[in-house]
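Q: Next come the chains, spelled out residue by residue.
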Amino acid sequence: MEERALSSEHDDDGALTPLHPDHIKVLRINALLMLLPVLAGVIVLEIADFAPAGLFAGLYLLVAIFILWRIPRRRYRFKGFAMSGDRLRVVRGLWWHSDTVVPFGRVQHIDVDQGPVQRYYKLATLTLHTAGTHNASVHLPGLLHEEALAMREEIRAHIKRETL
Amino acid sequence: MPSAPEETDEAKRTDPKTFLANGLQVARSMVLPLLALFYTIRSDGAPLAVLLGIGVALLLAFFALAYVQWYRFTYHVGAEDIRVESGVLARQARAVPYERIQDVSIEQSLIPRLLGLVEVRFETGAGGKDELKLTYLAEKEGERLRELVRERRDGTADTAPVGGEENDGPADEGAPLFAMDTRRVLTFGMFEFSLVVVAAVFAGAQQFEVLLPFDMFDFEEWQRLLAGPGAWLAGLGFAAQVIGAFIAAASLLVIGFATGLIRTALREWGFTLHRTAKGFRRRRGLLTRTDVVMPVHRVQALEIATGFLRRWFGWHSLKLVSLAQDSGNASHVAAPFAKMGEIEPIVREAGFVTPPPELEWQRSSRRFGVDSAVFAGLLFAVIAALLAGLSAAGVFARLDLFIPDVVYIVLVSGAVLFTAEQWILWRKRRHALGDRQLYSAHGVLSPKLDIASRRKLQSVEIAQGPLSRLRGYASLKLGLAGGTLSIEGLPLERARELRRALLASMTESDFSELA
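So the sequence lines, in the order shown, correspond to chains A and B.
Be aware that the first sequence starts at 1, since it is given in full-length UniProt numbering, and climbs by one per residue.
Be aware that the second sequence starts at 1, since it is given in full-length UniProt numbering, and climbs by one per residue.
Simulated from the structure, these hints should not be mistaken for lab results.
Some clues are possibly wrong.
As the list claims (entries may be wrong) - Okay, the calculated bits of chain B under chain A, using three or more residues with CB under 8 Å as the criterion:
1) 73–79
2) 452–466
As the list claims (entries may be wrong) - Simulated restraints, written as ranges between beta carbons of each label pair:
3) Glu99/B <-> Ala64/A: 24 to 30 Å
4) Asp113/A <-> Gly389/B: 50 to 56 Å
5) Ala305/B <-> Leu39/A: 31 to 37 Å
6) Asp113/A <-> Thr182/B: 55 to 61 Å
7) Leu39/A <-> Glu493/B: 26 to 32 Å
8) Gly85/A <-> Glu493/B: 53 to 59 Å
9) Arg366/B <-> Met83/A: 34 to 40 Å
10) Ala11/B <-> Met83/A: 33 to 39 Å
11) Leu253/B <-> Leu45/A: 58 to 64 Å
12) Phe50/A <-> Ser486/B: 44 to 50 Å
Since the model is a prediction, treat every value here as computed from it, not as a measurement.
Note that beta-carbon positions come from the ideal geometry of N, C-alpha and C, so glycine has one too.
For reference, chain A alone in the conformation it holds in the complex:
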């Protein structure tokens, strides 16, 4: 399960920079916001009283703990990025693993987005857009906002240099 062992070679398969630890909190809060509407349903089911009392509530609690505690931590652990002089590598996922490299020379434009929760923790998502049909936009969440801005400037400077 410890997939980090894989990444011991040089260059494009090398070590990854982890995301900011607060990213876990953002993932948890977003998960909580998703879980709340379901809670309403569970309460209705409990009141309707056609199953042993506490069955749905218990199930909900188990699922909620898993979704709120375990999954964000695991998702965080398997996310990472590596930025070198001319390319950005974004890695994510345990079971659905994806490992993407975008050369700066192929970037069409760059977004730095902040959701409301991300803003509270001063985090941001960096998105690189390419002309490719597949992976037209590559998202890298969980960066400190200043760091994301700095990365954007660096990538942009690179694009400019290449174009001129």
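Position chain B against the provided structure of chain A, taking the given hints into account.
A: Structure of chain B alone, referenced to chain A:
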């Protein structure tokens, strides 16, 4: 805004005949609904004069509307962009800078063609929906505008080299690079046998048999109907039924072939592909004649495909994957039906090469082959096992259900078939990394070969699902402008090796040098 000498600064209208063409087209599309409407009103007993009056009034309204629309539609070819203003009540204005115009294509459908008009479309890579188009211009004006836009665009931003023959001028027309004569088009049509249409006709016949005065699947009824002039046929009894079934099957076949032939002839008639200074120029079509230019430097990848039957006769098709769109289709057909000997020169002109004989082809991971074969058959095998288990436990007997052996035979042979198919697919799946290109070949019945330029790729992703993660293989998904390319089931090490090599050739150049 400074303006070129030959352009006046004022906005222009499209060709005055446009309103006629538009009106005729609307009228044509309204004929059937109108007839239906008249039929209903008529059965209510309205006099013919009133109906004709309504018809004429509606027709006049169509033309009046078309005229007002034409009057309110203006375009202006400026020094930096093309501007279009349109709309009767609400006004829309759009400006498209020359640098953003990927290509200009000219299309003629039936009615505008009769009137000598063309539709000029400016492709911006926006995906076909929001493209700017001018309907309709006189043929000459369309050509002139296309050349003008190309010159302006290439003069302003697009400095990418376009082959070596810049001074050929716009109007060069040598021998075509590839052309299809009538015989070729008809041969092509024979291979385009349309199973879909046959199925649709068959289903339709069943759907609409209520409209027939008799049941078409009732052979006795057929015999009774044949009792008149066809009495001798009915007298043949069983033989007549066989003949009837044969005629039905034959007529379906004829319909399938005829549909394929007609559709192909309409689309591919007079197909010519020229190499001009600006790129490949393709003209084709019988009623709707299209004239498309595909800039050579925008070709990102090639797709050489063939079909189940036609491969035995050596027929292949060549598509160019490019940034610009071809009537909603991402890839441009450069040769729909050609021998490899005819395709090779086009491939060379596009700046690509067909796989050299010394190229080292590699298979996908063996584990991937095993896994996909096993999983393909698994569903059927599981259902069969489940049924067998349940009937052995006597569940079906208690429910008064009986599962005939045929069910098991179908399920098991399904499992075997799908497993075998996946295994053969794996055996045929190959890829190779050349000096400048990446090759990927796959498919058994209709093999396909993708050739991508290594330096024109946009991004590289190594993707794995749960199974491939456990078993140590991965898919290499490549970002390709205007198309998709992925190599499935590579050993993880090979995927990484390919990515390293591809990234090395990608980072040599910037996007602006490519597109």
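Q: Go check the stretch 73–79 of chain B versus chain A for me, would you? Three or more residues, Cβ under 8 Å, otherwise it fails.
A: violated (count 0)
Q: So the hint says 26 to 32 Å: do the beta-carbon atoms of Leu39/A and Glu493/B match that?
A: violated, 47 Å
Q: Given the hint of 50 to 56 Å, check if Asp113/A and Gly389/B actually sit that far apart at their C-beta atoms.
A: holds, 53 Å
Q: Return holds or violated for the Cβ distance of Leu253/B and Leu45/A against the range 58 to 64 Å.
A: Holds, at about 59 Å.
Q: Tell me if the beta carbons of Arg366/B and Met83/A are separated by a distance inside 34 to 40 Å.
A: 36 Å Cβ-Cβ, so the 34 to 40 Å window holds.
Q: Count the residues of the stretch 452–466 of chain B whose Cβ falls closer than 8 Å to any Cβ of chain A, and tell me whether that reaches three.
A: holds (count 10)
Q: Is it true that Glu99/B and Ala64/A lie within 24 to 30 Å of each other by Cβ?
A: At 53 Å between Cβs, range violated.
Q: Does the Cβ pair Asp113/A, Thr182/B satisfy 55 to 61 Å?
A: Given a distance of about 57 Å, which is inside 55 to 61 Å, the answer is holds.
Q: Given a hint of 44 to 50 Å, does the C-beta separation of Phe50/A and Ser486/B actually sit inside it?
A: holds, 49 Å
Q: Has the hinted range 33 to 39 Å been met by the Cβ atoms of Ala11/B and Met83/A?
A: violated, 49 Å
Q: With respect to the beta-carbon atoms only, verify the hint that Gly85/A and Glu493/B lie 53 to 59 Å apart.
A: Violated, since Gly85/A and Glu493/B (Cβ atoms, about 25 Å apart) do not stay within the stated range.
Q: Verify the CB-CB distance for Ala305/B and Leu39/A against the hinted window 31 to 37 Å.
A: Violated: the Cβ-Cβ distance is about 53 Å, outside 31 to 37 Å.
Hints 1, 3, 5, 7, 8 and 10 from the earlier list are contradicted by this structure; the remaining hints agree with it.
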